[in-house]
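Modelling step: build the complete structure from the supplied sequences, incorporating the hints.
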Amino acid sequence: MLSRTADHIYWMARYLERAENTARIVDINLKSLLLPQGAERQRRTLRALLRSVELEPAFAAKHGEPAPETVIAFLVADRDNPSSIYACLRSARENARAVRGLLTTEWWETINHTWIECVEQLGSDALASDPHGFLEWVKSRVHLARGVSIGTAMRDDAYYFSRLGTFLERADNVARMLDVRFLDIEQATADTPDEIDEFYYWTSILTSVSGMEIYHKVYRDVVTPERVAELLLLNPAMPRSLRAAIDDFCMTLDKLKNAASAECEREAGRLRAELHYADIRKIRAQGLHAFLNESLERVYALGNMVSRAFMMSAS
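For the record, in the sequence shown the residue sitting at position 101 is 101 according to the UniProt record's numbering, with numbers rising by one throughout.
Any given hint could turn out to be false.
[What the hints assert, rightly or not] Cut-off 27 Å, straight-line C-alpha distance, at most; resulting in silico cross-link-like pairs (BS3-like, lysine-lysine):
#, residue 1, residue 2
1, K31, K139
2, K139, K257
3, K217, K282
4, K62, K31
5, K31, K255
Hints were generated in silico from the structure; no laboratory data involved.
Note that this is a predicted model, so its numbers are computed, not measured.
Put into structure tokens, the structure is as follows:
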């Protein structure tokens with residue numbers, strides 16, 4: 001497959017996954033803002049939301065102090081924010097159109113219609129009237145696009161590059177989201193210790209990755225910080241855990257390997273093995289933030305290695 005073609009498919013998938021992840025994070029933070037809280041705590045929640053998608057400086061430059069309405073609009077509908085849901089769906093569609101001949105009709109039409117409907121909904125002020133409904137729609141449309149690809153696409157390079165992009169974006173998102181959320185929770189509960197608030201924070205993390213039911217199946221007990229971290233970092237049966245994303249990335253990479261991909265295979269395999277043998281108690285003792293920060297750096301490095309191995313000439 002040509003480097004530019006691989007690049008389009010890989011980024012098409014990453015942008016779709018990013019749109020879903022942003023919808024999940026914004027939705028759960030909307031619910032968090034319903035909790036009784038002072039103005040300073042609300043601003044801290046909004047800043048944490050912006051940090052989780054690495055957009056706090058960009059937002060501050062454009063809007064200054066965060067307010068719920070401006071933060072949500074910035075993350076969802078801002079045409080100038082390249083990581084907004086609007087921009088991600090637009091970029092996914094543009095990349096899909098560039099390789100339309102390699103996608104099944106159903107796959108292409110799902111992505112294309114998602115973009116068209118997104119423009120229509122935001123134009124009709126759906127975000128202001130029913131933000132939760134719009135964010136649920138985004139999640140369901142990305143689920144549909146992913147399901148259509150699995151159900152209709154030939155298992156060839158195009159399919160596997162789309163999967164590679166999905167899993168790397170997912171790994172980046174879960175590590176980043178956990179890092180920011182854990183720091184935010186620790187500060188919030190230290191400032192105003194409240195068991196009800198703390199419980200809500202931890203359950204909100206699980207809800208944001210559709211993990212509440214899985215948590216109770218695995219642990220059959222109350223929600224605790226250590227178990228949440230273990231589930232979302234190290235449990236291979238949790239679809240949106242860091243380990244599951246890296247496992248799936250490695251298995252997909254094996255389908256695409258070439259003479260230039262040895263470095264990427266080696267580093268991905270090393271990270272996979274370390275997650276396989278990691279112990280959550282040791283991670284917590286050594287510092288969760290340090291572990292997550294290192295994981296983010298390694299996931300970012302894997303993205304660069306993918307580009308060098310398969311897409312270098314695409315730029």
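Hint check results:
| no. | hint | in the structure |
| --- | --- | --- |
| 1 | K31 - K139 | holds (16 Å) |
| 2 | K139 - K257 | violated (31 Å) |
| 3 | K217 - K282 | holds (24 Å) |
| 4 | K62 - K31 | holds (25 Å) |
| 5 | K31 - K255 | violated (41 Å) |
Hint check: violations occur at hints 2, 5; the rest are consistent with the structure.
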